[in-house]
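**Student:** Once you have looked at the hints, place chain C on chain H.
2 protein chains.
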Amino acid sequence: MYEVELKLQTSHDSLRETLADHGADHVDSRSQTDTYYDAPHREFAETDEALRIRHEQPAEGDAVTKLTYKGPLVEAESKTREEHETVVADETALEGVLSGLGFEPAATVEKDREFYTLDGYTITLDRVRGLGEFIEIEQETTAESVDTVREGAVDLLSALGLDPSEQIRNSYLGLLLHNDT
Amino acid sequence: MYEVELKLQTSHDSLRETLADHGADHVDSRSQTDTYYDAPHREFAETDEALRIRHEQPAEGDAVTKLTYKGPLVEAESKTREEHETVVADETALEGVLSGLGFEPAATVEKDREFYTLDGYTITLDRVRGLGEFIEIEQETTAESVDTVREGAVDLLSALGLDPSEQIRNSYLGLLLHNDT
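Going down the list, the protein sequences come from chains H and C. Quick note on the numbering used here: the first sequence kicks off at 8 and runs consecutively. Quick note on the numbering used here: the second sequence kicks off at 8 and runs consecutively.
If we strip away everything but chain H, and leave its shape as in the complex, we get (with noise of 0.2 Å):
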């Protein structure tokens, strides 16, 4: 499966008023901290992958440790890319895995989310430490549908009042590194 992903930096004060109004889902509230890990044999910086442990607290219950690969982007334009995540139990044992390997943190995201459900799309508001306010929209698609369904979120972000061309392509680590815009 491959990920198509838009995001935008936006104020979230009338967004939600504006999904309710067009009868999207609040499906879920969390929280995330997101460490990003280097490579002792790959510059992921170069590469465009990203190894991760994600520490993530739900709304309602315990938190969740997921360890998460992401490979380099295979659509530049939707940043497109193959995910392999799958949630460990013991966070430290993980985190001492990757030390043994030579694998060191790098940098640390932390953020609130909200998601949304609208037209098939997950829309999730996201307020980033140190960086603002966002919408991403999001959604799991085959190879061949990659461009419909890009299409799609771009249509459907227009008819949110977002302006679809303010699309940022860096990741919050990214923007959080390089910290320009």
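Bear in mind the hints are in silico, worked out from the structure with no lab data behind them. This one's a predicted model, so the numbers in the text were calculated from it and none came from an experiment. There's no promise every hint is true.
Just so you know, same-sequence chains aren't split out, so a pair can sit in one copy or run between any two.
Here are the simulated EDC-like pairs of lysine to aspartate or glutamate, each with C-alpha atoms no more than 20 Å apart in a straight line [unchecked claim]:
# : residue 1 : residue 2
1 : Lys73     : Glu102
2 : Lys73     : Asp32
3 : Lys118    : Asp35
4 : Lys118    : Asp28
5 : Lys73     : Glu92
6 : Lys73     : Asp97
7 : Lys73     : Glu98
8 : Lys118    : Glu89
9 : Lys118    : Glu63
**Tutor:** Leaving out everything else, chain C in the frame of chain H:
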């Protein structure tokens, strides 16, 4: 924590009875399929490390996947290593993470294990595909107690009618890769 572990090759035929005579408790049985990985940036055979995905099927219940890193020996006599291990929810995703990072499956070890406890030690009867039958005796301990715990393990092996001098220091992986014992 450090893991003190001694291992001998020996038939299990009379051993179960001997263990029962000494008051050992049979606490668990399970089968394990271990896939060991090669690293893209280190020769694990030279650095004496290991990275493993363990697929474990208990006598009852669902299979469990574990990710394990074993560091180099810190105490050669008893094969004491630093170790980090965590349960992982999605084995296929974990394989994808390792593959994305350039780690490759190198060898597989399959074994059926019976676990006993006796005098604070865990005693394991292993039947390893392609190698035969073994006994392992182990205990987790602090750095300060490694010598005492190892001496206790040697005494216990003698009490069970085994010859501690026949200790095998190779891992099952090592025995399978260099099948000359």
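**Student:** Measure nothing new, just compare the shortest in-copy and cross-copy C-alpha distances for lysine 73 and glutamate 102 to 20 Å and report within, between, both or neither.
**Tutor:** Classified as both; 11 Å inside a copy, 14 Å across copies.
**Student:** For lysine 73 and glutamate 92, with the copy left unspecified, which applies at a CA distance of at most 20 Å: within, between, both, or neither?
**Tutor:** Both. Shortest intra-copy (7 Å) and inter-copy (15 Å) distances satisfy the 20 Å Cα cut-off.
**Student:** As a check of your reading, is lysine 73 near aspartate 97 (CA-CA no more than 20 Å) within one copy, between copies, both or neither?
**Tutor:** both (10 Å within a copy, 10 Å between copies)
**Student:** Is it within, between, both or neither when you check lysine 118 against glutamate 63 at 20 Å Cα-Cα?
**Tutor:** For lysine 118 and glutamate 63, only the intra-copy Cα distance (10 Å) is at most 20 Å; the inter-copy one is 36 Å.
**Student:** Quick one: lysine 118 to glutamate 89, C-alpha cut-off 20 Å, is that within a copy, between copies, both, or neither?
**Tutor:** neither (23 Å within a copy, 34 Å between copies)
**Student:** When Cα atoms must be at most 20 Å apart, do lysine 118 and aspartate 35 count as within-copy, between-copy, both, or neither?
**Tutor:** The answer is within: 14 Å in one copy meets 20 Å, while 43 Å across copies does not.
**Student:** Reference check for the pair lysine 73 and aspartate 32, CA-CA at most 20 Å: within, between, both, or neither?
**Tutor:** Answer is neither; intra-copy 25 Å and inter-copy 37 Å both fail.
**Student:** Between the shortest in-copy and the shortest cross-copy C-alpha distance, which are at most 20 Å for lysine 73 and glutamate 98: within, between, both, or neither?
**Tutor:** both (8 Å within a copy, 13 Å between copies)
**Student:** Indicate which option fits the pair lysine 118, aspartate 28 if close means a Cα-Cα distance not exceeding 20 Å: within, between, both or neither.
**Tutor:** Neither way: lysine 118 and aspartate 28 sit 25 Å apart in one copy and 59 Å across, limit 20 Å.
When each numbered hint is compared with the structure, violations occur for hints 2, 4, 8.
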